[in-house]
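Peer 1: So you can see what is in the structure, the chains are spelled out below.
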Amino acid sequence: MSSKRKSPDFVLFITVMCLLVIGVVMVLSASEYKTLIYYNDSFYYFKRQLLWSVLGLIGMFYMINFDYKRLRQYITPILAAAFILLVLVLIPGVGVEVNDATRWIGIGPIQFAPAELVKLCIIIFTAYGLSRSRERIKSFTAGVLPYMIVMGLAALLILLQPDLGTALSLAGIVIVMVFAAGARPSHLITVVAAGLAAVVPLIALEPYRLKRLMAFLDPWADPQETGFHIIQGLYAIGSGGLFGLGLGQSKQKFLYLPENHTDFIFAIIGEELGFIGATLVIMLFLLFIWRGLKIAIASPDPFASLLATGITAWVGVQAFINIGVVTGSLPITGITLPFISFGGTSLLFTLVAVGILLNISRFTTTR
Amino acid sequence: MIAIVFFSMLIIRVGYLQLVEGDRLRDEAMDVRMRDVPLEAKRGTIYDRNGHELVTSVSVDSAYAFPPQIEDKQGAAEKIAQALQMDKEVVYEKLTEKVGFVWLKRRIDFDTAQRLKSLDISGVELVEESRRFYHQDSLAAHILGFAGDDNQGLTGVEAVFDQELRGIPGRIVIEKDAVGQNIPEALHKLIPSEPGQNLVLTIDQTVQFFVERELDVIMDVHKPKLAVIIVMNPKTGEILAMGNRPTYNPATWRDSPQSVWDHNPSIWYNYEPGSTFKIITAASALEEGAVKLTDTFHDPGYIKVADRTIRCWQDGGHGSQTFEEVAQNSCNPGFIEVGLRLGKEKFYKYIDAFGFGQRTGIILPGEEVGLQIAESDATELNIATMSIGQSIAVTPLQLLTAASAVANDGVLLKPTLVKAITDVEGRVVKEFPPEPVRQVISKNTAQTLLGLLTKVVSKGTGRNAFVDGYGAAGKTGTAQVVEGGGYSPDKYVGSFVGYAPAHDPQIAILVMVAEPTGSMYYGSQVAAPVFKSIALDTLRYMRVPEIAGLEKPQMPYVFEVPREKLNMPNVVNYPVEEAENHLVNAGFIVQTRGEGEIVCKQIPQGGVEVLSGATVILELQPHDIGAVEEITVPDLTGLSIKEAGSILEKLGLYLNPTGTGFAAGQQEEPGTRVRRGTIINVEFQPPAIKTIRD
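Going down the list, the sequences are from chains A and B. Residue numbers for the first sequence follow our numbering, so the first one is 1 and each next one is one higher. Residue numbers for the second sequence follow our numbering, so the first one is 1 and each next one is one higher.
Hints listed in this document are in silico derivations from the structure and should not be mistaken for laboratory results. Misleading hints may appear alongside valid ones.
Here are the simulated distance ranges between beta carbons [stated by the list, open to error]:
id, chain 1, residue 1, chain 2, residue 2, range
1, A, Gly-182, B, Leu-19, 36 to 44 Å
2, B, Tyr-16, A, Phe-43, 56 to 64 Å
3, A, Ile-297, B, Met-30, 32 to 40 Å
4, B, Gln-85, A, Tyr-39, 55 to 63 Å
5, B, Met-30, A, Asp-301, 32 to 40 Å
6, A, Val-96, B, Lys-88, 24 to 32 Å
7, B, Ser-8, A, Tyr-39, 35 to 43 Å
8, A, Gly-182, B, Met-30, 35 to 43 Å
9, B, Ser-59, A, Asp-41, 55 to 63 Å
10, A, Ala-198, B, Leu-19, 36 to 44 Å
11, A, Lys-6, B, Ile-4, 24 to 32 Å
Heads up, the beta-carbon is just placed ideally off N, CA and C, and yes, glycines get one too.
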């Protein structure tokens with residue numbers, strides 16, 4: 001069946017554009033005071049977010065017109081790239097340490113966070129591998145384990161940075177993909193159990209993790225340390241009420257809420273745009289998931305289907321965890337809100353992934 | 001589907017936070033962002049009765065810091081320490097405290113504030129506060145009291161009227177960013193402070209000044225432990241002046257010991273009033289008809305009560321006298337007789353009615369109530385000594401308040417210290433009118449007693465208190481200080497309570513000097529002249545017209561310690577040291593003639609009456625105990641068992657005492673010759689109670 005290309009999924013495109021615009025505006029609003037203090041330039045983050053958005057859109061449009069099938073030819077370099085990046089980031093001098101974690105690679109003036117690229121690479125690899133044989137997936141050792149090992153290795157390297165949030169989201173994405181590929185639920189439960197078994201000693205080794213993780217249950221127990229982020233985030237969201245304080249009117253952005261332009265940007269959205277704005281953002285993510293899964297289901301081949309599932313799961317899992325953390329519903333882990341949080345290269349690769357998803361949508365068959 | 005469920009949960013969570021918890025979280029967040037700068041209210045002014053400012057509040061700067069905002073804490077500490085003249089370590093400690101706000105130094109002067117301002121350290125700021133300014137330094141210190149650092153009254157009327165004086169503090173609330181900097185579009189709230197109300201005291205600054213001046217003189221001359229002067233308007237109960245020594249300066253109260261600023265002796269010191277209390281005895285007895293002015297008394301120099309003898313301060317007694325003369329002479333047996341005639345129940349009734357044993361109710365903290373023997377426990381002897389102001393302790397204010405009733409037609413008033421409370425514009429918010437407590441004695445009795453007390457001053461022991469041009473009525477008093485269950489042999493309280501002018505008292509004054517260390521301690525010496533001085537100045541200041549042709553006392557009451565007529569002790573046959581000790585203690589000067597250890601002859605002879613201070617010549621003879629078999633028995637009268645025993649032992653004789661106390665009689669008469677080793681039988685008796693002159 002020759003692929004007669006259609007135009008990409010318009011709803012998905014518009015959804016992403018909406019999220020992107022909200023992101024750029026909110027990054028400006030959240031960061032303008034902080035950057036004025038630290039960089040003497042209210043638009044410091046805004047300008048960068050805008051630049052990376054444009055770069056990301058260029059990448060996205062490139063991928064819209066880049067036949068996803070050709071990705072299969074690059075599987076080996078793609079997988080290799082992922083691991084090289086993960087190792088590079090750990091090498092002192094190459095990796096840049098921020099807040100006791102090295103999540104960045106410094107290339108000249110540009111700082112490059114490989115986390116999102118690694119996720120994309122692993123997604124492509126997993127989709128490719130799972131799509132080669134629909135039968136093997138029923139076997140644990142042949143169908144499930146290899147991808148879990150690859151993912152596990154990547155996650156381990158990410159944990160060394162350390163970046164628990166990214167590692168967990170990567171695991172979540174791969175598990176969703178393996179499940180979508182038709183793995184037996186019992187196998188998945190085994191994997192999840194094994195994963196938890198692996199995480200427990202990690203937490204036990206460094207008790208601060210447990211304390212931070214569990215702080216969301218009662219942030220007021222330790223308001224100055226572990227509970228600080230959550231409390232300040234809750235103050236912001238709570239202050240918003242139904243309609244919010246109005247765009248640009250956040251009070252918590254005056255150095256009270258840390259990471260207010262990255263991990264905790266949703267709190268500023270809640271404060272400025274209120275329940276209505278926050279709900280709108282959540283609905284946009286739901287819309288994204290709906291369209292993404294729709295594309296996956298209508299995909300012309302298993303690779304496309306799994307790829308679309310992986311990318312959708314990526315955005316969905318990450319959005320869920322982020323909003324869950326910010327609202328004090330989930331243990332606190334540092335994870336960005338896709339399309340909205342400030343983060344140059346992350347944004348770039350997320351948009352590239354959306355480009356792939358949109359490209360797949362051009363090959364969908366309407367049933 | 002799963003995605004929808006998950007994301008719906010998020011929406012519900014967000015909705016819960018924003019719509020249900022929203023208000024609470026918003027308020028909490030607001031509190032976190034708001035920084036308070038306290039804005040103290042101006043404390044009210046304290047005026048004297050004529051509107052003179054005694055205490056006002058002046059604006060001063062206080063320096064504070066927001067420690068989180070200060071980056072170079074070491075450097076800042078150094079500069080601040082220099083500007084504020086503080087220890088660098090202390091400043092550094094403050095700057096490194098884990099708090100958002102810390103006081104560096106409160107109430108600094110203008111130059112210091114300017115110095116600090118010129119440093120321009122971010123996070124170090126000044127706020128206007130007020131400092132109490134005492135216009136007359138330590139004048140009326142115990143009345144005024146003082147306020148602490150946070151504008152809270154700690155003692156005196158500052159404490160009692162703290163709520164009124166304090167005002168309502170204001171605040172400047174500013175929304176700040178997390179490190180304390182101002183933020184754009186910040187919320188500002190200025191809650192202005194409301195100045196405190198003012199206090200108008202009954203104190204007259206000028207009269208208070210007279211009192212303070214006299215107290216300074218007393219301290220200078222007599223160096224007492226305590227001194228108190230209170231001036232009261234007996235017709236209203238208003239206290240015109242109340243001064244104490246030792247005192248302190250409220251502006252620098254921390255430099256004085258707590259025992260000084262925490263206790264106001266005028267209302268706190270319990271002492272036995274001595275003869276000043278005879279005013280109360282006389283008032284009660286006259287009111288009850290137990291005595292009339294014309295009743296005659298005979299004072300042989302002592303009075304027997306129960307099994308004890310109470311001696312008059314006047315050796316040989318005052319002889320036959322009317323009650324009027326008893327009062328003028330401050331005759332102790334006379335007053336004891338009056339008190340015993342009155343009887344326990346009635347006496348206690350009046351003691352109670354005059355307010356003893358209770359607080360006067362003056363608006364000052366720390367008032368004592370005096371000490372009394374419970375009525376059920378009081379013996380006849382107690383009643384006798386209470387009649388002359390012993391076995392009962394009172395506070396100076398209690399006594400003056402009670403005595404003032406005599407000058408107010410018998411009506412006891414509650415002493416007042418505050419006339420009114422006024423607001424910022426000077427309008428009266430609250431007034432404190434005179435508060436009658438009860439009619440204690442009739443107007444008639446009061447008039448009679450006033451006449452009696454006038455004569456005490458014009459003719460009797462109170463002559464030193466006579467006020468030229470006005471006259472006076474009153475009573476002196478001298479009492480021993482009760483110490484360790486008995487009377488101290490050398491600690492006295494001299495006092496005077498009186499009124500002037502004599503016939504229409506405008507002021508009542510109490511002067512009390514406790515434990516003077518000079519040669520004088522009698523109330524007539526240390527207190528009466530002070531009364532005279534204050535009364536004269538005050539009456540002239542009050543423009544009270546002088547009374548023409550007022551008869552002045554003939555002469556001042558004997559001022560020096562008078563020579564007393566004494567019986568010369570017989571010291572013949574005493575060892576020489578014992579004889580000398582004995583005579584010196586009795587108030588004589590001793591000279592010896594010849595060599596030897598035993599007194600063989602004395603001039604003048606034992607038993608004759610001589611004036612104290614006379615010289616006694618002792619002739620000695622060589623003593624060879626071994627050679628002498630016959631020994632002359634010495635006169636042991638007045639000696640304690642120990643003293644008698646020691647003398648007899650040295651002479652080779654033995655003592656066989658009977659009874660306790662002091663030698664009252666001996667079986668072997670003095671002068672008889674006895675054999676060596678004879679036992680001398682001596683009878684000892686408890687001492688007579690000696691009373692003190694006034």
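Peer 1: Hint says 55 to 63 Å; check whether the CB-CB distance for Gln-85(B) and Tyr-39(A) agrees.
Peer 2: violated, 41 Å
Peer 1: Per the hint of 36 to 44 Å, is the separation of the Cβ atoms of Gly-182(A) and Leu-19(B) within bounds?
Peer 2: The hinted range 36 to 44 Å holds for Gly-182(A) and Leu-19(B), with Cβ atoms some 42 Å apart.
Peer 1: Could you see if the CB distance from Val-96(A) to Lys-88(B) stays within 24 to 32 Å?
Peer 2: 40 Å Cβ-Cβ, so the 24 to 32 Å window is violated.
Peer 1: Within 35 to 43 Å or not, the Cβ separation of Ser-8(B) and Tyr-39(A)?
Peer 2: Holds - the Cβ-Cβ distance for Ser-8(B) and Tyr-39(A), about 40 Å, lies within 35 to 43 Å.
Peer 1: Taking the CB of Gly-182(A) and the CB of Met-30(B), does the distance hold inside 35 to 43 Å?
Peer 2: The hinted range 35 to 43 Å is violated for Gly-182(A) and Met-30(B), with Cβ atoms some 54 Å apart.
Peer 1: Do the Cβ positions of Ile-297(A) and Met-30(B) conform to the proposed distance bound of 32 to 40 Å?
Peer 2: violated, 49 Å
Peer 1: Just to be sure I understand the hint, the distance between the Cβ atoms of Lys-6(A) and Ile-4(B) should be within 24 to 32 Å; is that true here?
Peer 2: 27 Å Cβ-Cβ, so the 24 to 32 Å window holds.
Peer 1: With 55 to 63 Å as the target window, see if Ser-59(B) and Asp-41(A) comply at their CB atoms.
Peer 2: Between Ser-59(B) and Asp-41(A), where Cβ atoms are some 43 Å apart, the hint is violated.
Peer 1: Does the Cβ pair Ala-198(A), Leu-19(B) satisfy 36 to 44 Å?
Peer 2: holds, 40 Å
Peer 1: When you take the CB atoms of Tyr-16(B) and Phe-43(A), is the distance between them in 56 to 64 Å?
Peer 2: For Phe-43(A) against Tyr-16(B), whose Cβ atoms are near 35 Å apart, the range 56 to 64 Å is violated.
Peer 1: Taking the CB of Met-30(B) and the CB of Asp-301(A), does the distance hold inside 32 to 40 Å?
Peer 2: violated, 57 Å
When the structure is compared with the earlier hints, violations turn up for hints 2, 3, 4, 5, 6, 8, 9 and for no others.
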